[in-house]
Amino acid sequence: MPIDRIDFVILAALQNNARLSNKELSARIGLAPSSCLERVRALTRSGVLQGAHAEVSGAALGIGLEALVAIRLVKHSREAFRRLYAHLRSLPEVLCVFHVSGVNDLQVHVAVRDVHHLRSLIVERFAIRPEVDHCETSLIFELHRKHQWPSYARVDGDDNGSATAARPSLRKPRR
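Each step along the sequence shown adds one to the number in our numbering, with nothing skipped, and position 98 is 98.
Treat each hint with caution, since some may be false.
Stated by the list, open to error - Okay, the calculated beta carbon distance ranges per label pair:
(1) GLY30 <-> SER77: 53 to 59 Å
(2) ILE3 <-> PHE141: 33 to 39 Å
(3) GLU136 <-> ARG5: 40 to 46 Å
(4) ARG82 <-> GLY47: 22 to 28 Å
(5) GLU24 <-> VAL74: 51 to 57 Å
(6) PHE98 <-> GLU142: 39 to 45 Å
(7) HIS134 <-> ALA27: 52 to 58 Å
(8) PRO130 <-> SER34: 45 to 51 Å
(9) LYS75 <-> ARG41: 43 to 49 Å
(10) LYS146 <-> SER77: 46 to 52 Å
(11) ASN22 <-> GLU136: 45 to 51 Å
(12) ARG82 <-> LEU143: 28 to 34 Å
(13) GLY102 <-> PRO130: 21 to 27 Å
(14) ARG41 <-> LEU95: 28 to 34 Å
Don't read these hints as lab results, they were simulated from the structure.
In this text, a Cβ means the ideal position worked out from N, Cα and C, and glycines have one as well.
When you get a sec, could you build the whole thing from the sequences and use the hints?
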């Protein structure tokens with residue numbers, strides 16, 4: 001689905017606040033509510049807009065520490081990756097698994113209660129796996145997450161390949 005400038009502004013607004021009502025969203029971008037709703041539905045049907053997510057406080061859930069665990073596999077086979085992915089996905093502490101290039105094969109983002117919980121997770125759930133050759137852990141001191149993807153799609157005919165920043169509104173500012 002080609003994304004035009006209006007779609008891009010809708011996506012930017014929803015990435016910043018997925019709880020916007022259609023009325024608030026349409027007012028913010030200067031579009032009729034019915035047109036805005038139809039565009040959001042079209043973006044959803046086409047798979048561009050894939051859902052809305054809540055931001056939850058880890059501290060409120062008892063999470064005191066996050067870490068990235070780099071994992072190097074013993075053998076690079078589809079079966080080894082499949083088994084390890086299935087194991088990692090089954091662990092509640094695992095937030096995200098990245099298959100990466102370089103010395104290590106995976107980067108695993110985990111959330112745990114404390115350093116003792118982290119040690120237990122790595123020793124008892126990661127390192128003992130037959131697929132795992134090596135684990136290296138980096139503690140996350142701060143996390144600064146952007147909630148808006150850059151767009152390299154053509155917007156209003158701009159095809160220079162650079163990332164496009166969303167404008168907060170399509171309306172012209174009053175003078």
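Now for the hints, and whether the structure bears them out:
no. : hint                          : result
1   : GLY30 <-> SER77: 53 to 59 Å   : holds (54 Å)
2   : ILE3 <-> PHE141: 33 to 39 Å   : holds (36 Å)
3   : GLU136 <-> ARG5: 40 to 46 Å   : holds (44 Å)
4   : ARG82 <-> GLY47: 22 to 28 Å   : holds (25 Å)
5   : GLU24 <-> VAL74: 51 to 57 Å   : holds (53 Å)
6   : PHE98 <-> GLU142: 39 to 45 Å  : violated (19 Å)
7   : HIS134 <-> ALA27: 52 to 58 Å  : holds (54 Å)
8   : PRO130 <-> SER34: 45 to 51 Å  : violated (58 Å)
9   : LYS75 <-> ARG41: 43 to 49 Å   : holds (46 Å)
10  : LYS146 <-> SER77: 46 to 52 Å  : violated (35 Å)
11  : ASN22 <-> GLU136: 45 to 51 Å  : holds (47 Å)
12  : ARG82 <-> LEU143: 28 to 34 Å  : holds (29 Å)
13  : GLY102 <-> PRO130: 21 to 27 Å : holds (22 Å)
14  : ARG41 <-> LEU95: 28 to 34 Å   : holds (30 Å)
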